[in-house]
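S.K.: Start from chain B and add chain V according to the hints.
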Amino acid sequence: MSEAILRTKGLTKRFGGLVAVSDVSLDLHVGEIHVVIGPNGAGKTTLTNLLSGDLPPTSGEVMFQGRDIAGCSSDHISRLGIGRSYQKTNIFLPFTVFENCRLAAQSRTPNAFRVFHQAGRYPEINRRAEEAMTAAGLDKRAGRIAATLSHGEQRQLEIAMCLATQPRVLLLDEPLAGMGPHESQSMVELIKRLTADHAIMLIEHDMDAVFALAHRLTVMVNGEVLESGTPDAVRSSPAVQLAYLGGEEILHE
Amino acid sequence: MSSRLARFLPWLAVGLLALFPLVESTFYMQLLTKVLIMAIFAMSLDLLVGYTGLVSFGHAAYFGLAGYALALMAPKYETVSLWWSLPAAVGVCALFALITGTLVLRTRGIYFIMVTLAFSQMLFFIFHDTKIGGGSDGIYIYAKPVMKMGDVELFSLEKLQNFYWLVLVLTALVYLLLHRVLGSTFGRALLGIKVNEHRMRALGFPVFRYQLASFTLAGALAGVAGYLAAAQYGFVNPEILSWHQSGAVLMMVILGGMGSLYGSVIGAFAFVLLQEGLSDQAWFGSWAKHWQLAMGIFIMLIALYLPQGLAGLLQKLGRKPAAEVADE
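Residue numbers (my numbering), protein chains in the order written: chain B, 463 to 715; chain V, 648 to 975.
Take these hints with a grain of salt, some might be off.
[To be verified] Anything over 10 Å on all C-beta distances counts as not near chain B; from chain V, calculated:
no.: 1; residue: Ala660
no.: 2; residue: Gly662
no.: 3; residue: Tyr724
no.: 4; residue: Thr726
no.: 5; residue: Leu745
no.: 6; residue: Leu750
no.: 7; residue: Leu820
no.: 8; residue: Gln879
[To be verified] Computed spacing ranges between beta-carbons, pair by pair:
no.: 9; chain 1: B; residue 1: Gln628; chain 2: V; residue 2: Pro722; range: 55 to 61 Å
no.: 10; chain 1: B; residue 1: Gly582; chain 2: V; residue 2: Leu742; range: 31 to 37 Å
no.: 11; chain 1: B; residue 1: Thr596; chain 2: V; residue 2: Tyr952; range: 40 to 46 Å
no.: 12; chain 1: V; residue 1: Pro657; chain 2: B; residue 2: His667; range: 51 to 57 Å
no.: 13; chain 1: V; residue 1: Tyr952; chain 2: B; residue 2: His667; range: 41 to 47 Å
no.: 14; chain 1: V; residue 1: Arg827; chain 2: B; residue 2: Arg589; range: 22 to 28 Å
no.: 15; chain 1: V; residue 1: Asp798; chain 2: B; residue 2: Arg589; range: 53 to 59 Å
no.: 16; chain 1: V; residue 1: Ala950; chain 2: B; residue 2: Gly503; range: 50 to 56 Å
no.: 17; chain 1: B; residue 1: Leu555; chain 2: V; residue 2: Ala950; range: 20 to 26 Å
[Unchecked claim] As a list, the in silico SDA-like pairs of lysine to any residue whose alpha-carbon atoms are at most 25 Å apart:
no.: 18; chain 1: B; residue 1: Lys654; chain 2: B; residue 2: Ser690
no.: 19; chain 1: V; residue 1: Lys936; chain 2: V; residue 2: Met676
no.: 20; chain 1: V; residue 1: Lys963; chain 2: B; residue 2: Gly605
no.: 21; chain 1: V; residue 1: Lys963; chain 2: B; residue 2: Arg606
no.: 22; chain 1: B; residue 1: Lys550; chain 2: V; residue 2: Glu844
no.: 23; chain 1: B; residue 1: Lys602; chain 2: V; residue 2: Val842
no.: 24; chain 1: V; residue 1: Lys791; chain 2: V; residue 2: Met769
no.: 25; chain 1: B; residue 1: Lys550; chain 2: V; residue 2: Pro853
no.: 26; chain 1: V; residue 1: Lys681; chain 2: V; residue 2: Leu925
no.: 27; chain 1: B; residue 1: Lys550; chain 2: V; residue 2: Arg755
no.: 28; chain 1: B; residue 1: Lys550; chain 2: V; residue 2: Val854
no.: 29; chain 1: V; residue 1: Lys963; chain 2: B; residue 2: Pro556
Everything labelled a hint here was simulated from the structure, so no lab data went into it. On a predicted model such as this, the values are computed, not experimentally measured, just so you know. Positions of the beta carbon are idealized from the N, C-alpha and C atoms, including for glycine.
With the rest of the complex left out, here is chain B:
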């Protein structure tokens, strides 16, 4: 297997007396989807925040392409090539779909601080924004104001903006949350298509999607990694069934 592009070692986050993430070590590889599941409050979103720089870790390492990025600011981490989507839709509601993506693409342009060159006149930025919209299936919605999109489309836009920043690592926090079955299906297809060129960490509750996508599965409970391995290995782990599923055998279809 290739060298991990992102690797955490002993990653820990304490909020006062509460240990939200405790000693988590995991690897992300390009071409692989690493799914993290766990009950509410298990620390999945906090883990994402530690990787994306939204929160600084209390201790532990986050190695990205061989260098420790733990504690770097989120804008710095984004520029390094780690993009994230949010569990709660986090877009520019008053802007058009195109402008949402254009801004995201603009963030990659070193001379974007130029004060007089008009924003529409960067063919390279516009092209990348359009590519991201097409990849996320939003090309027909380019002129729509983001606030008027359906919930599912807003989730797609969330991914499109992430893609427009051309990341190597994608951290997707419950991209299917609140989606109907049809929308979920197209989102699963989209994530599958992205796998080839990206290392993906996916947090998800929808078990059908989880087993359709996961190459590697990590189960978190109370901030700790309970089990990690191939989906089949995790599915048959008695510890997982007992702790996470309360003995119910949901994982056995």
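M.R.: Chain V alone, transformed into the frame defined by chain B:
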């Protein structure tokens, strides 16, 4: 309002305003000069409030600082050259904004409002309680700055209409400058920060640097207005950087409509003219000295029924789609 007409209107306004001195004399020309100076001031604040999402309640600090800079640079019995004193005053403001900006931009929301207020109050008391700027009496500026080429005076600013035209030209230039800046990638990033600062950071934008650049530019442009105001009145005193002044310019921006440059200009017109009108004894008799009461009610009505300000009202009347901010 078609977009072609909308593009043409500001030029029409400038043209009409340029002709104004031909039909009117002293009083209204002075009033209009004051309005235009306030329009520059309001546009500079709108860059922060309406386009960067930073509500500053201490913007008079930069306005007043430029006024004091002019007063201190002008020799007592001689004239000072506009060519270097204006850039110098604006430069001082930009520098002060850069320094205060690095501190105040670490706070957000209500704290940002309070810290900007604190800095302007600090400056107020420095000029009020020390002899640097003549204490609470202030300093007189006996002569207007001069525009000389070699030894020849090109354009005497002692003449009211010349001063008026200079102010008009500078107002148009500030409008054009901000229009360009706001349409650039830099301007789009500022709007993004206003709408969703957190997401901008997650997209990789160094938000602080953008905000600091915006804060510095806003301070510098407020300096242009403050310089002109001091030159027009012929004196400065601490009132020029008091919080009343910061509040007044904030009200102009709100009145005109936050996030609209021409709205700020309209807001300045509305505020100054209302102030003059409501405090006119010939019209309102003994009520005139309570003009602030009527002004307060007016501002409240605008805030309640026209959250987009007077510019929003114009847009509604012209049935121009409201949400065209980011797409042109």
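S.K.: Quick one: which hint numbers does this structure break? Sort them smallest to largest.
M.R.: 16, 24
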